[in-house]
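J.: We have chain A already, so just place chain B on it with the hints.
Protein chains: 2
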Amino acid sequence: MADFLTPQQEDFSKWYNEIVQKADLADYSPVRGSMVIKPYGYTLWERIRDELDLRFKETGHVNAYFPLLIPMSFLEKETEHVEGFSPELAVVTHGGGAELEEPLVVRPTSETIIGHMYAKWIQSYRDLPVLINQWANVVRWEMRTRLFLRTTEFLWQEGHTAHATQQEAVEETLRMLDVYTDFAVKEAAIPVIQGRKSESEKFAGAIASYTIEAMMKDGKALQSGTSHFLGQNFARAFDIQFLDENNEKQYAWTTSWGVSTRMVGAVVMCHGDDQGLVLPPHLAPIQVVIVPIWRKDAERAAVIEAAQKIKTQLKGIVRAELDQREGLSPGWKFNDWEMRGVPLRIEIGPRDVANQSVMVARRDIPGREGKVQIAMAELTACLPALLESVQAAIYARALAFRDSHIIDVTTYGELKEAVETGFARAWWAGGTADEAAIKEECKATVRCIPTDQPGGSGACVYTGKPAAEVAIFGRSY
Amino acid sequence: MADFLTPQQEDFSKWYNEIVQKADLADYSPVRGSMVIKPYGYTLWERIRDELDLRFKETGHVNAYFPLLIPMSFLEKETEHVEGFSPELAVVTHGGGAELEEPLVVRPTSETIIGHMYAKWIQSYRDLPVLINQWANVVRWEMRTRLFLRTTEFLWQEGHTAHATQQEAVEETLRMLDVYTDFAVKEAAIPVIQGRKSESEKFAGAIASYTIEAMMKDGKALQSGTSHFLGQNFARAFDIQFLDENNEKQYAWTTSWGVSTRMVGAVVMCHGDDQGLVLPPHLAPIQVVIVPIWRKDAERAAVIEAAQKIKTQLKGIVRAELDQREGLSPGWKFNDWEMRGVPLRIEIGPRDVANQSVMVARRDIPGREGKVQIAMAELTACLPALLESVQAAIYARALAFRDSHIIDVTTYGELKEAVETGFARAWWAGGTADEAAIKEECKATVRCIPTDQPGGSGACVYTGKPAAEVAIFGRSY
Numbered sequence: 020m021a022d023f024l025t026p027q028q029e030d031f032s033k034w035y036n037e038i039v040q041k042a043d044l045a046d047y048s049p050v051r052g053s054m055v056i057k058p059y060g061y062t063l064w065e066r067i068r069d070e071l072d073l074r075f076k077e078t079g080h081v082n083a084y085f086p087l088l089i090p091m092s093f094l095e096k097e098t099e100h101v102e103g104f105s106p107e108l109a110v111v112t113h114g115g116g117a118e119l120e121e122p123l124v125v126r127p128t129s130e131t132i133i134g135h136m137y138a139k140w141i142q143s144y145r146d147l148p149v150l151i152n153q154w155a156n157v158v159r160w161e162m163r164t165r166l167f168l169r170t171t172e173f174l175w176q177e178g179h180t181a182h183a184t185q186q187e188a189v190e191e192t193l194r195m196l197d198v199y200t201d202f203a204v205k206e207a208a209i210p211v212i213q214g215r216k217s218e219s220e221k222f223a224g225a226i227a228s229y230t231i232e233a234m235m236k237d238g239k240a241l242q243s244g245t246s247h248f249l250g251q252n253f254a255r256a257f258d259i260q261f262l263d264e265n266n267e268k269q270y271a272w273t274t275s276w277g278v279s280t281r282m283v284g285a286v287v288m289c290h291g292d293d294q295g296l297v298l299p300p301h302l303a304p305i306q307v308v309i310v311p312i313w314r315k316d317a318e319r320a321a322v323i324e325a326a327q328k329i330k331t332q333l334k335g336i337v338r339a340e341l342d343q344r345e346g347l348s349p350g351w352k353f354n355d356w357e358m359r360g361v362p363l364r365i366e367i368g369p370r371d372v373a374n375q376s377v378m379v380a381r382r383d384i385p386g387r388e389g390k391v392q393i394a395m396a397e398l399t400a401c402l403p404a405l406l407e408s409v410q411a412a413i414y415a416r417a418l419a420f421r422d423s424h425i426i427d428v429t430t431y432g433e434l435k436e437a438v439e440t441g442f443a444r445a446w447w448a449g450g451t452a453d454e455a456a457i458k459e460e461c462k463a464t465v466r467c468i469p470t471d472q473p474g475g476s477g478a479c480v481y482t483g484k485p486a487a488e489v490a491i492f493g494r495s496y
Numbered sequence: 020m021a022d023f024l025t026p027q028q029e030d031f032s033k034w035y036n037e038i039v040q041k042a043d044l045a046d047y048s049p050v051r052g053s054m055v056i057k058p059y060g061y062t063l064w065e066r067i068r069d070e071l072d073l074r075f076k077e078t079g080h081v082n083a084y085f086p087l088l089i090p091m092s093f094l095e096k097e098t099e100h101v102e103g104f105s106p107e108l109a110v111v112t113h114g115g116g117a118e119l120e121e122p123l124v125v126r127p128t129s130e131t132i133i134g135h136m137y138a139k140w141i142q143s144y145r146d147l148p149v150l151i152n153q154w155a156n157v158v159r160w161e162m163r164t165r166l167f168l169r170t171t172e173f174l175w176q177e178g179h180t181a182h183a184t185q186q187e188a189v190e191e192t193l194r195m196l197d198v199y200t201d202f203a204v205k206e207a208a209i210p211v212i213q214g215r216k217s218e219s220e221k222f223a224g225a226i227a228s229y230t231i232e233a234m235m236k237d238g239k240a241l242q243s244g245t246s247h248f249l250g251q252n253f254a255r256a257f258d259i260q261f262l263d264e265n266n267e268k269q270y271a272w273t274t275s276w277g278v279s280t281r282m283v284g285a286v287v288m289c290h291g292d293d294q295g296l297v298l299p300p301h302l303a304p305i306q307v308v309i310v311p312i313w314r315k316d317a318e319r320a321a322v323i324e325a326a327q328k329i330k331t332q333l334k335g336i337v338r339a340e341l342d343q344r345e346g347l348s349p350g351w352k353f354n355d356w357e358m359r360g361v362p363l364r365i366e367i368g369p370r371d372v373a374n375q376s377v378m379v380a381r382r383d384i385p386g387r388e389g390k391v392q393i394a395m396a397e398l399t400a401c402l403p404a405l406l407e408s409v410q411a412a413i414y415a416r417a418l419a420f421r422d423s424h425i426i427d428v429t430t431y432g433e434l435k436e437a438v439e440t441g442f443a444r445a446w447w448a449g450g451t452a453d454e455a456a457i458k459e460e461c462k463a464t465v466r467c468i469p470t471d472q473p474g475g476s477g478a479c480v481y482t483g484k485p486a487a488e489v490a491i492f493g494r495s496y
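Chains A and B are the protein sequences, given in the same order. This note's numbering applies: residue 20 is where the first sequence begins, and numbers increase by one. This note's numbering applies: residue 20 is where the second sequence begins, and numbers increase by one.
No lab work stands behind these hints, which were simulated from the structure alone. One or more hints might be untrue.
All copies of an identical chain are treated as equivalent in the list; a pair is satisfied when it fits inside any one copy or across any two copies.
Straight-line Cα separation of at most 20 angstroms, DMTMM-like style, residue types lysine to aspartate or glutamate; simulated pairs [what the hints assert, rightly or not]:
no., residue 1, residue 2
1, Lys334, Glu77
2, Lys139, Glu70
3, Lys221, Asp342
4, Lys33, Glu366
5, Lys236, Asp30
6, Lys76, Asp342
7, Lys33, Glu357
8, Lys139, Asp46
9, Lys334, Asp72
10, Lys328, Glu77
11, Lys221, Glu161
12, Lys205, Glu29
13, Lys139, Asp263
14, Lys334, Glu436
15, Lys330, Glu77
16, Lys328, Glu318
17, Lys41, Asp146
18, Lys76, Glu340
19, Lys96, Asp258
20, Lys221, Asp427
21, Lys76, Asp43
22, Lys139, Glu37
23, Lys352, Asp146
24, Lys139, Asp43
25, Lys205, Glu70
26, Lys390, Glu107
27, Lys76, Glu65
In isolation and in its complexed conformation, chain A is listed as follows (with noise of 0.2 angstroms):
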């Protein structure tokens, strides 16, 4: 256990607050709820961007860029959209010395600049579908705020697209769930629960809210991603009408999706342990650190040299970078790197350097039995698999945690009980009133109707009424 972090199990909030701090992700700005994104927090943003945009890429869509800066009334289009962002807002009242006639917001999301745009840019059928992702910060002033979790200003992307049919617009609003169910898994190592969001809790304006929650480590849930079909809503509102193959003039039908830094949170708290971060290989900004140890001057050579040889030796094959600092004992370096999460290092001293062999050690597996013996002529070869390894065992732990805190129940004293460890999965055909009440006592909310049901029909755990959908409840970041 890090003698400079508070133990999960005392704090987990507090071990949260410090690791991110600790392990140079971020800091604290000067501005009220803003975050700088250190960095080492940024290479790992920038690795679940490139893994992000790269599969937005493979089904069909391209980056664009939209002003930052939206009128007022733009907004106010909307019935729903606007309640549900004003309180929100940061507001540019003043530009070049001089008050504005029409005051701009800071864009809290784009849809509505977008829906503009759409609305000039579509005039036929033949311009649909259009597949458009931005890549931007946007601004929501927020009370309370947590590094990453919840900040005023976050980067993340934004996908907007126009559709001719109701169905092909359902089809991409799923697709793009699926696809951050995807890299979530295969990326980030954080097993998800693909869902519908209650009405409550769906974006404002949209007809459907989907969503894909995370477990963290203190049973919470995070809400990593989400997908909304908007329906007509933003096409009515800002007049994005085409001529069909008819010749008719028709609504286009709408989506919106994004993930967020909080992907940045979700890495830290869904995997992170006693000893600081623990991150996934794939998203990893150093996969493979490597520490020379020495302890008399005259071997120091011969260990560096070594040691600089594998850096070059798996260039273009793993991330891997060289502790050469001074003054800093190898224990010292170990835990160090520990605490920021690498997933392999390689300690190679003098009798490595006879043998040609080098000491790899786990992150995820701590002490002699994360260790392995590897020839230096064979760690091209064994570092990627054994990094497949890695990845696939912090996501097999992650699994297996977060299983074990999804408990089954009919009553609502055990979901009571549940939610305070983990999630509670029960039937449900409650209303937006009863998902209140259950918020204002016991601190949960319907995290997501899973698409994965059960099928068949219960008891609803809270009203009793019929029900033919289980929902999954928890306390949430």
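T.: Below, chain B alone, put in the same frame as chain A:
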């Protein structure tokens, strides 16, 4: 000559505005001075970003992210800085439904907020250098805007570094100027003149500003990247101090440097012609377009099949696109892709399929002279080489154009004439007032004091005083 474009000779400015929109690079937005970067333009920007980012990382820099909103008081800490940027600020006065105690400005540049964080992070000489870059949006309230060239909001990268000594900081400033030059020449195929900005043109708060200046096809200059040596100005304003090796407190030496979406405008105006864009292959979103040609329906299937096979064959070799649009003639498609500046076009018809060869047309050489027949089996080997020769050719053409439009002048009369069509190079020992008078009279400014000096001395073109340096004069965007 494309009949939908104003010829460059008739009205270059109009040509620019038309081609940027017709080629789908960008569009006007409903927000005064802001633009929408459309997918084709954004992909071009992504290529610029990736090439620059690679170079930043190779020179030891890492990316991070700092807040968009900056307390107004931060800008006021550096006197020259606030004077320079005050007229251009967008100000957030309300957040979360309430008036803010202190207004926040939307960053026009980030020296101040980053300076504040560096003061917190830098304690010892061991913490130096700090070499951080940020990819971000910035807002500067502009009165007269033009797509890509001058917009209220634009995208850019801003590097911010801190060093223990003046020498290191100066070296960094010039290193990044070299990085920009290398990018401009090798990737954008734009010849640039490296040099120092005059006092009146330097960055607000800098000791010295350096620039790369490119010549557009109308003979005007476009400042395409700048690198600033900030001395200890921002370190004093934000108290960035460190303990040196002798345990004495010292102020750090800082630099900043940036390239923005203006670079897209530079690419358009440096290479484009009356047919439209001419994109350098290294940056072109699409390097090769395949246009299938057939007359009889019976021919269609074989041609399409062969074209698809070529596209598959080229995957991972070049960025190729197959134009399968229905109801458009091959001639129309040729013009369309020429307008969009795609470097190479593959024409494939029934006879080509029979011969197992295709015609490849170069965008940079119109008509038959730019066409070459290539066997299908040779495409993967030939196209990358052909793209390199296009890249070299358009650079050579831009260089020849520029060099023939730089005139060495010895009298003010000659200078006035030279800046009508290009740059004037002249001995210069004038001051800020002299420069202002020249600007007033002939709309030209000192673009830079070139790094590359002839040596010796001469009489200042304007004041007649002895001058040790030559300057480049030109009108500019």
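J.: Can you list which hints this structure breaks, lowest number first?
T.: 2, 3, 4, 12, 14, 20 and 26
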